[in-house]
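> Sequence:
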Amino acid sequence: MSTILITGFKRFGDYLSNPTETLLDQINETKIGGYRIKTLVFPAEIVVGYGYISVNTALLNQATMILSLGLWSSIRGVQLEKSCQNWVDNVKYCPPSQNNQPVSKLEPPREIIEIPSTGYDIQKFSSGLNSWGLELFISRNPSGFCCNSLAYSTMCAIRGRALNLGFAFLHVPCTNECILPEERKGKFIITEEQLTGVIESFIGAVY
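Residues 9 to 215 (the working numbering) are what the sequence shown spells out, left to right.
In short, the hints are calculated from the structure, not lab data.
In this text, a Cβ means the ideal position worked out from N, Cα and C, and glycines have one as well.
Take these hints with a grain of salt, some might be off.
Subject to a maximum C-alpha distance of 30 Å in a straight line, what follows is the list of computed DSSO-like cross-link-like pairs (lysine-lysine) [stated by the list, open to error]:
1. Lys193 to Lys90
2. Lys195 to Lys132
3. Lys113 to Lys90
Derived DEER-like restraints, expressed as beta-carbon distance ranges [unchecked claim]:
4. Ile120 to Ile35: 29 to 35 Å
5. Thr38 to Ser105: 36 to 42 Å
6. Arg192 to Asn69: 20 to 26 Å
7. Pro124 to Asn64: 18 to 24 Å
8. Arg118 to Gly57: 16 to 22 Å
9. Ser25 to Gly194: 18 to 24 Å
10. Ile40 to Arg148: 25 to 31 Å
11. Pro124 to Gly57: 19 to 25 Å
12. Gly194 to Gly42: 37 to 43 Å
Between the sequences and the hints, there should be enough to build the whole structure, so can you do that?
Here you go:
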């Protein structure tokens, strides 16, 4: 049975929880769509080594795909990130000592790496999301915080070893459980069931 590694992040900022962590705790070592699921949850911080840990864990578990999840409260659906950049730029969450500098000092500053849609069918994924009442958006702005950092370091790890390993990064909206009621106004909120549906839809599109 093939394995898919799914990563997420712990709580950060003023959020009550991070729905990616909650979900991944529930589905670790389960089977979805004929795949064994292995999960990793990282602290929400800029650490270039997290991408290399993801890739090494995927190889150790003979995974054919890495799916990384991040929380972004301002989006209106599920956001597929198609690029990442070797630059940290997030005043809200980054301490000054980490902001406005490369993710990796070993790579060219501000380098942009395209994230190929390898190993899954975007149209099939989008159709699966539609069945859960969700829309897929394509983005080339993964934010300058930990999500971009993880995506960039993961792509560097894959590139550096010339691996035939699929990778995708998805941003997901808030659930009711992760923000206070007074902060929900104007935000696109998904249910925990819909968040599970995001995973099921993606895995259903993997080939």
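> So, for every hint listed, does it hold in this structure?
Quick rundown of the hints versus the structure:
Using a Cα cut-off of 30 Å, the hinted pair Lys193 and Lys90 holds, with the two alpha carbons roughly 29 Å apart. As the CA atoms of Lys195 and Lys132 are separated by approximately 26 Å, the hinted pair is consistent with the 30 Å bound. Restraint check for Lys113 and Lys90: the C-alpha separation of about 22 Å stays at or below 30 Å, so the hint holds. For Ile120 and Ile35, the Cβ-Cβ distance of about 32 Å falls inside the hinted range of 29 to 35 Å, so the restraint holds.
Our hint of 36 to 42 Å for Thr38 and Ser105 holds, since their Cβ atoms are close to 39 Å apart. For Arg192 paired with Asn69, a C-beta distance near 37 Å fails the hint of 20 to 26 Å. Checked against the hint of 18 to 24 Å, the C-beta distance between Pro124 and Asn64 comes to roughly 21 Å, which is consistent with it. For the hinted restraint 16 to 22 Å between Arg118 and Gly57, the CB-CB distance of approximately 20 Å keeps it satisfied.
For the pair Ser25 and Gly194, the supplied restraint of 18 to 24 Å holds, since their beta-carbon distance comes to about 20 Å. Under the hint 25 to 31 Å, the C-beta atoms of Ile40 and Arg148, about 28 Å apart, fit the expected range. Between Pro124 and Gly57 the CB atoms are about 23 Å apart, so this pair conforms to the stated range of 19 to 25 Å. Restraint check, Gly194 to Gly42: a C-beta distance of roughly 39 Å satisfies the suggested window 37 to 43 Å.
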